[in-house]
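K.L.:
Chain residues, written in single-letter form:
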Amino acid sequence: MDYVPNTEQQLTEMLQAIGAQSFEELLSTIPAEARSRGLDVPSGLSELEVLALCESLAAGNRSVRELASFAGFGAYQHFIPTAVDAIASRGEWLTPYTPYQAEASQGTLQMMYEFQTMVSELLQMDVANASLYDGASGFAEAGVLALRLGGRTRLLVSETVHPHYREVLATYLSGFSCTVQTIPQTNGVTDLEALAAAAKDDVAAVMMQQPNVFGCLEPMEQAGELAHRIGALFVANVYPVSLGLLQPPGAYGADIAVAEGRCLGSPLTAGGPGLGLFATSQELLRRMPGRLTGCTVDHAGQRAFTLTLQTREQHIRREKATSNVCTNAGWLCLRATVFLSLLGPAGLRRMAELSLQKAHELQRRMLDEGFEPAFDQPFFNEWTMRWPRTARDGRLLRKLERAGIVSGVAMAPWYPMLDREAVWCATELTTREQMDRLCEAVHTHG
Amino acid sequence: MDELIFEQSVPGRCGVAFPPCDAPERPLEQLVPSAALRQQPPRLPEVAEFDVIRHYTRLSQRNFAVDTHFYPLGSCTMKYNPKLNDRIAAWSRFAWLHPSQPASQTQGLLQMLYELEQLLCGITGMAAFTLQPAAGAQGELTGLKIIRAYHRAKRQSRPVILIPDSAHGTNPASAALSGFRVVELASGPDGLIDLGELKRHLSNEVAALMLTNPNTLGLFERNISAITHLCHEYGALVYLDGANMNALLGIVKPAEMGVDLLQLNLHKTFSTPHGGGGPGAGPVGVIAALADFLPVPRVRKVGARFRWDARGRRSIGRVHAFYGNVGVLLRAYVYIRTLGREGLERTSRAAIINANYLKAKFSRLVPIPFGDHCLHEFVASLKPLKASGVTAWDVAKRLLDYGYYAPTVYFPLVVEEAVMVEPTETESKSTLDAFVEAMARIVEEAREHPEWLKLAPQRLPTHRVDEVKAAREPNLRWQPDAKSPAFHDAPSLRA
Chain W
1 MDYVPNTEQQ LTEMLQAIGA QSFEELLSTI PAEARSRGLD VPSGLSELEV
51 LALCESLAAG NRSVRELASF AGFGAYQHFI PTAVDAIASR GEWLTPYTPY
101 QAEASQGTLQ MMYEFQTMVS ELLQMDVANA SLYDGASGFA EAGVLALRLG
151 GRTRLLVSET VHPHYREVLA TYLSGFSCTV QTIPQTNGVT DLEALAAAAK
201 DDVAAVMMQQ PNVFGCLEPM EQAGELAHRI GALFVANVYP VSLGLLQPPG
251 AYGADIAVAE GRCLGSPLTA GGPGLGLFAT SQELLRRMPG RLTGCTVDHA
301 GQRAFTLTLQ TREQHIRREK ATSNVCTNAG WLCLRATVFL SLLGPAGLRR
351 MAELSLQKAH ELQRRMLDEG FEPAFDQPFF NEWTMRWPRT ARDGRLLRKL
401 ERAGIVSGVA MAPWYPMLDR EAVWCATELT TREQMDRLCE AVHTHG
Chain R
1 MDELIFEQSV PGRCGVAFPP CDAPERPLEQ LVPSAALRQQ PPRLPEVAEF
51 DVIRHYTRLS QRNFAVDTHF YPLGSCTMKY NPKLNDRIAA WSRFAWLHPS
101 QPASQTQGLL QMLYELEQLL CGITGMAAFT LQPAAGAQGE LTGLKIIRAY
151 HRAKRQSRPV ILIPDSAHGT NPASAALSGF RVVELASGPD GLIDLGELKR
201 HLSNEVAALM LTNPNTLGLF ERNISAITHL CHEYGALVYL DGANMNALLG
251 IVKPAEMGVD LLQLNLHKTF STPHGGGGPG AGPVGVIAAL ADFLPVPRVR
301 KVGARFRWDA RGRRSIGRVH AFYGNVGVLL RAYVYIRTLG REGLERTSRA
351 AIINANYLKA KFSRLVPIPF GDHCLHEFVA SLKPLKASGV TAWDVAKRLL
401 DYGYYAPTVY FPLVVEEAVM VEPTETESKS TLDAFVEAMA RIVEEAREHP
451 EWLKLAPQRL PTHRVDEVKA AREPNLRWQP DAKSPAFHDA PSLRA
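Which chain is which? The protein sequence lines are W and R, in order. For what it's worth, my numbering labels the leading residue of the first sequence as 1, then goes sequentially. For what it's worth, my numbering labels the leading residue of the second sequence as 1, then goes sequentially.
No lab work stands behind these hints: they were computed from the structure. Predicted model only: the values in this text are computed from it and were never measured. It is possible that some hints are incorrect.
[What the hints assert, rightly or not] Taking lysine to aspartate or glutamate and the DMTMM-like style, the derived pairs with C-alpha atoms no more than 20 Å apart in a straight line are:
| id | chain 1 | residue 1 | chain 2 | residue 2 |
| --- | --- | --- | --- | --- |
| 1 | R | Lys83 | W | Asp85 |
| 2 | R | Lys83 | W | Asp2 |
| 3 | R | Lys386 | R | Glu416 |
| 4 | R | Lys429 | W | Glu49 |
| 5 | R | Lys361 | W | Glu440 |
| 6 | W | Lys320 | R | Glu184 |
| 7 | W | Lys399 | W | Glu353 |
| 8 | R | Lys83 | W | Glu47 |
| 9 | R | Lys83 | W | Glu55 |
| 10 | R | Lys361 | W | Glu47 |
| 11 | R | Lys429 | W | Asp85 |
| 12 | W | Lys320 | R | Asp165 |
| 13 | R | Lys83 | W | Glu49 |
| 14 | R | Lys386 | R | Glu417 |
| 15 | R | Lys429 | W | Glu13 |
[Claimed, not checked] Where chain W lies over chain R, by a calculated footprint (3+ residues, C-beta under 8 Å):
| id | segment |
| --- | --- |
| 16 | 12-22 |
| 17 | 71-77 |
| 18 | 80-87 |
| 19 | 283-294 |
| 20 | 308-319 |
| 21 | 387-400 |
Every residue, glycine too, gets a C-beta built ideally from N, C-alpha and C.
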């Protein structure tokens, strides 16, 4: 089936109105040698058939909702109130595009202004943009921004930043003449001595993550001071839900704060789409990548909203733009805005508290079952543990999988020294029954 | 104008409740050092669920959208977004997959991604695809990194990318972000690439030509074979910005015209909703010689099973955490399976007929500087209206009064007072007829009552927005103590 409303009869009439003998005549500018023999795609299906096809695909998946999942690693399962989906499924939100025509897009624009305000508040930063693709590309754009300020060619990036984020940064920077220096960790957090030793006046930015990839809390204040002492920017990648309880980037002097905002009202969907939160100090406003919405007035003097400071952007500045971003994550902005409105400061704080409390309870119980802490550091809702000795042969892992448990994420692919360590996660959705299931399966193993 | 959600805040209101904690709660100070604890809560709104529902429902009604209005935004392919696609994407066994789950629990997902790559190969003739890029511009960036890696592997330094002056702004911006120097090619008098100009700029310094075909004027580069041949002679690659693929389904396969790599915008041709600005997806397809450079991980099929493969010695690396915009990819998969071969072919045919039909009717009203027949879109020039002081911007605003979203204006840059119209295949003849009628009246108004256009829009709750003020006095966030006159001038609708 297709979605063309015009009948063949109408299409023929339209061709006549155009003055063309046939459809082929409209293609006369396409040279014969470029013409294709058709698509190598199966025939179309009715809606009923597509539903059946997709049901069979879905049957090959197990959702974390039907399992007990303790996986985090930058993708966190949080509660989504029903009202988020009710609003977000409206066609008026789903089917417009970037609000180029302000007067006919006041809904999207006002929402984005509210979104920018909420993100600024959450991160305690001066200004936030209307989102980037995801946290990882936001992190990379932060590095690009720092280098493009000019004069400095080195980025110091902590080893404790999510490895995918560091990989995306490396990909983005592959054409730049710059050095990305990785600062090692000790006991699960950035080695401040190593950072101090690397901090020279050619450093454009110091880039860290809070909580870091192991779940540990980093000494952000000291790292930020170190960065500022050498005139470098301090970039913090953070976890939005944690900011219901933890110090926001603005409180420890971050010049750029980035975050993956999917946890604010959007489902995991295997890690994408994401929502890149990006906020800066006032001084960096005109270096900001991506769309910005401003409050102004219309000709009748009423409050109105519009895209603004567009001379930073690719459709005006072309190769001199601050970024190549055009499409962002508008629909996820809406979801996050509705989500944060519903939760408010109290709801967000409670979500963070529940995540923290449950994480600490589970960590304590895992210690009882023979897991060993990899690091001795305070944490929020993720923590790194060494598997018990009984888990060596991999049988325990398979047993847990059969019991419907998604274990913590193994660190070995990125940190070869941590070959028996995994990062575990709990949120407000983690239940005592799930904890029991995990502990019992480990307890009876061996 | 509606109040901001912040202005509706009442201390103590909250739109959610959580169950009691089923773990013992310990004092925070025992768990986290007090220095790490937030001192001031974020000033988020405190509102009830119904406040939120009414506010964002009302705001939604202040938007023009594809579902509510004809949205002929050129180059953006604002077609109907089938509801079936959204329905399936919301299923728990897609929406609630964790990216770190073992492949044994995500075989359906992996199969879908694998098949989508095959389908995109079948549509474009390319040998392999990555689904990772999150949007068209990120696809361009990915493509440019691949171009760079390819030449480096051949130990060649090629710092230049050639880009026609009619290209989307993302092309030069992506090239600059990839460390290339951009050389702009002036279009010929027919709006197409000038072969002489191309020859003058080709050298062994050139890494690639970035080409949009059909170009942003809606015209097919008729010398495409000569263009790709010339580039290849100089060892340069040909990159196709596939933003305009809606014109080519079943008509041209990019690989067969000598394209080496391209990005597809799934939110354009393949109907995934634009979402007020995203998320999109920009898969990149390449010929076999470039497949090793694609981002990792890639989906592999081993026997009847699917798995992720993170190896790739020559890969450019990652452009996205995890696997890309899976929710968008799934919607596009559903769309392609629904339409199938015949449906996709009919899609391009109907899109081209719609565009030419509108163009034929428009040409009686305003000049259309380039081309005889167009493909999926066309560009008109409103230069003649300037005599009465009316600009393309004014016409765009007046169209809003008539209940139409405005076409893209002032782009491409090669046409004065450009208006770029892309109706897509999902609009009916009667919608197009009504649109032409509105346009005819506006052209007449431009002569008789130009002030109506200068003051437009007048029929929407928000009149012409002061963009100069917005840029001069940037106000990018609400402040509780804001003293901006705008706050006090706004009449409250909640009397």
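K.L.:
It remains to establish, for every hint, whether it holds in the given structure.
P.N.:
Taking the hints in turn, this is what the structure says about them:
Of the pairs offered as hints, the one joining lysine 83 of chain R and aspartate 85 of chain W holds, with about 14 Å between alpha carbons and a cut-off of 20 Å not exceeded. Taking the CA atoms of lysine 83 of chain R and aspartate 2 of chain W, the gap is about 13 Å. The hint holds against a cut of 20 Å. At most 20 Å may separate the alpha-carbon atoms for a hinted pair to count; lysine 386 of chain R and glutamate 416 of chain R meet this at roughly 11 Å. Taking the CA atoms of lysine 429 of chain R and glutamate 49 of chain W, the gap is near 29 Å; set against the 20 Å cutoff, the hint is violated.
Distance hint between lysine 361 of chain R and glutamate 440 of chain W is unfulfilled; the C-alpha atoms sit about 74 Å from each other, more than 20 Å. Proposed proximity of lysine 320 of chain W and glutamate 184 of chain R is supported: the alpha carbons are some 13 Å apart, at most 20 Å. Pair hint lysine 399 of chain W plus glutamate 353 of chain W does not hold up; C-alpha atoms about 31 Å apart against a cutoff of 20 Å. With a C-alpha separation of about 10 Å, the suggested pair lysine 83 of chain R and glutamate 47 of chain W falls inside the 20 Å cut-off, and the hint holds.
For a cut-off of 20 Å, the pair hint linking lysine 83 of chain R to glutamate 55 of chain W stands: about 16 Å separates their Cα positions. Of the supplied pair hints, the one linking lysine 361 of chain R and glutamate 47 of chain W is violated, its CA atoms being roughly 35 Å apart against a limit of 20 Å. Taking the CA atoms of lysine 429 of chain R and aspartate 85 of chain W, the gap is about 34 Å. The hint is violated against a cut of 20 Å. Of the supplied pair hints, the one linking lysine 320 of chain W and aspartate 165 of chain R holds, its CA atoms being roughly 15 Å apart against a limit of 20 Å.
The suggested pairing of lysine 83 of chain R with glutamate 49 of chain W holds, with an alpha-carbon distance near 15 Å, which does not exceed 20 Å. Using a Cα cut-off of 20 Å, the hinted pair lysine 386 of chain R and glutamate 417 of chain R holds, with the two alpha carbons roughly 9 Å apart. For the given pair, lysine 429 of chain R sits about 10 Å from glutamate 13 of chain W by alpha-carbon distance, which is consistent with the 20 Å threshold. Counting residues of the segment 12-22 of chain R whose beta-carbon sits less than 8 Å from any beta-carbon of chain W gives 7, enough to reach three: the coverage restraint holds.
For the segment 71-77 of chain R, the stated coverage by chain W is satisfied: 3 residues place a CB nearer than 8 Å to a CB of that chain, which reaches the threshold of 3. Three residues within the 8 Å Cβ limit are the bar, and the segment 80-87 of chain R against chain W gives 5, so the coverage statement holds. Here the segment 283-294 of chain R counts 0 residues with a CB under 8 Å from a CB of chain W, which misses the bar of 3, and the coverage is violated. Check result for the segment 308-319 of chain R against chain W: holds, 5 residues qualifying (beta carbon to beta carbon below 8 Å, three or more required).
Counting residues of the segment 387-400 of chain R whose C-beta sits closer than 8 Å to any C-beta of chain W gives 3, which meets the bar of three, so the coverage hint holds.
In summary, the numbered hints that this structure violates are 4, 5, 7, 10, 11 and 19.
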